[in-house]
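Enquirer: Model the full structure from these sequences, guided by the hints.
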Amino acid sequence: MAEAQKFKQPVKKKTKKEDAEPTTPGGLSSEKKKELKVLDEFIEGVLQEAGEEFLDEFKQVEGQ
Amino acid sequence: MSIPKIVGLEQEYAIKIKGGETLSFFDASCLLINAYARHLGLRDCGVDILWDYGHETPYQDIRGDLFGKNTGQQIVGEKENRLINTALPNGARLYTDHAHPEYSTPECLSALDALACDKAGEIILREGMRLMKNILPATSITLYKNNTDQQGHSYGCHENYLVAADAHETCLVSHPERALKALIPFLVTRQIFAGSGKVSHGKGAHWFPPYQISQRADFMETLFGLETMYARPLINTRREHHADSKRFRRLHLILGDANMCEFAGFLKLGTTQLVLQMLEDDFMDCDLTLKDPIKANQQISGDFGCGVELADGRKLTAVQIQRELVTYAQKFQPSDPSSRVPDDDVIRDCWSYVLDGLEQLKLSTDRVIEDDPLLLSKRLDWVLKLWIINRYREGRNCTWGDPLLAVLDLQYHNIDRKEGIFYRTQEKGFTEPFLTDDEITHFVHAAPDNTRAWFRGKCLEQFAEEIYLVNWEVVGFDQGDIHRMVPLLNPLKGTRDRYQEIFDQSRNARELITLIESVSAKQ
Chain A
1 MAEAQKFKQP VKKKTKKEDA EPTTPGGLSS EKKKELKVLD EFIEGVLQEA
51 GEEFLDEFKQ VEGQ
Chain B
1 MSIPKIVGLE QEYAIKIKGG ETLSFFDASC LLINAYARHL GLRDCGVDIL
51 WDYGHETPYQ DIRGDLFGKN TGQQIVGEKE NRLINTALPN GARLYTDHAH
101 PEYSTPECLS ALDALACDKA GEIILREGMR LMKNILPATS ITLYKNNTDQ
151 QGHSYGCHEN YLVAADAHET CLVSHPERAL KALIPFLVTR QIFAGSGKVS
201 HGKGAHWFPP YQISQRADFM ETLFGLETMY ARPLINTRRE HHADSKRFRR
251 LHLILGDANM CEFAGFLKLG TTQLVLQMLE DDFMDCDLTL KDPIKANQQI
301 SGDFGCGVEL ADGRKLTAVQ IQRELVTYAQ KFQPSDPSSR VPDDDVIRDC
351 WSYVLDGLEQ LKLSTDRVIE DDPLLLSKRL DWVLKLWIIN RYREGRNCTW
401 GDPLLAVLDL QYHNIDRKEG IFYRTQEKGF TEPFLTDDEI THFVHAAPDN
451 TRAWFRGKCL EQFAEEIYLV NWEVVGFDQG DIHRMVPLLN PLKGTRDRYQ
501 EIFDQSRNAR ELITLIESVS AKQ
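In order, the protein sequence lines correspond to chains A and B.
Mapping to my numbering: the first sequence position 61 is 61, numbers consecutive.
Mapping to my numbering: the second sequence position 485 is 485, numbers consecutive.
Hints were generated in silico from the structure; no laboratory data involved.
Each computed PhoX-like pair below joins lysine-lysine, with the alpha-carbon atoms no more than 25 Å apart: (1) K418(B) - K59(A); (2) K32(A) - K362(B); (3) K315(B) - K291(B); (4) K33(A) - K418(B); (5) K428(B) - K32(A); (6) K33(A) - K428(B); (7) K418(B) - K37(A); (8) K133(B) - K418(B); (9) K246(B) - K493(B); (10) K34(A) - K418(B); (11) K33(A) - K362(B).
Per the computed footprint, the stretches of chain A lying under chain B, defined by three or more beta-carbons under 8 Å from a beta-carbon of chain B, are: (12) 30–40; (13) 47–54.
Just so you know, even glycine gets a beta-carbon here, dropped at the ideal spot from N, CA and C.
Expert: So this is what it looks like as structure tokens:
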């Protein structure tokens, strides 16, 4: 229970100051910014490879 | 009186085939399942296990009506039965349901175990895909753990909870207003933390919100009912309890989304366990009856902060309704302390935390996350997906109408750890796992110790060649002149602490049954 362990303790409300990684990229560490750039490029690659036609190709059979 | 809240998940996976134009979804799904079964030795010469449909009664309703359909055993020929089914030594069932590979977890006592078993299912399916590649090198299959194909089709992530028979009868049959007062409002509003998010790729004149928090909300049409493929109900009333129905009933929920984020999956299961136990003990004296639960389900999905109308005229947000329920949960102690929901303190803490976070989460009218101080984007699927989509929109300066956003939505759910957007986001540290890898991989091969799943799994591990049939509530052995059935009617029995020694002493199923009979006779 990686994160579950944290919640075994009474949950302390976090503030922005306490969180090392705000959700706005402007406040991220340079390491995280790099990771974010890699993630963006990865997503761009996935979408380029799939293309809009993926939506038609993905058609599924009705499930339960 | 409340009883332990055993829980299990049934996940249908979407399937995409590349390079095998003549291969149908059904064929691909069966190939995958059989590749994995063969890998475990479950297709070896001498192993010939059927899934027993004898206890499945999909058209029998708990309320007594038959809705114009024949009841009775579903007829599946033996050849097809073997083709589409595999019961696994980890206590799970892997099979083809219509044209989707489906993984049903074993019965679990805790939400954490159920979450880990569900994630272990992903590993098993990935292994199935890898093995299939050896059989059909030119064909590749990709699986998606989501609930809609963006073209109007949906497939489920069903939940099953063990409920005391008397409470089940009271709340769902004789006095359904009790379910309407607390259970239905809980289920309709829990999407604010359990929803997986969906780009509304709506076509035509109908207006859709550009982004919804639930994948399934648009597909739910009634409160109670038997159907699962149309006129889908919030609560499925199938009378198919897979246990001694005098004591135990199964609450079958089909409204939930499939979760990629472990935190969201844990909270969905854990909070539902607590609410059901409070319902069994008649602990909640609130009346949160929604004026129109189906409409409210869709309203909240379109705008998590909107107020929904209650039957008494009040208008509350989903967070306010959940706040009322978590307040009860914080004071609740089950009438039978031994039935306490495992990790209930963790569930309550996570529940409060997420409601705090949702109260502080700010979205613009264009669904841009303006503030997320408690970092829900690391823990809830719908917030994480929205964050990813907004980054893409910002980078490309595109509007919600861009079809690639719907593609991104689908690719988020690809279970391939290298190709799926969720898993790549997790790898980069932008979402946090709730479980360790070891906790998940344990359940690839092992069943939970503390439910009947352990007994079933152990039989499949040690005596597969002697098994004739299996299902959730029975293991049947072929002993030549006679078939011997071991009923597993109590989901809380058949546990490791009770039967490990007996399995250790048994060289075959005959000895196993003899030893069980001898121990039972002494009691």
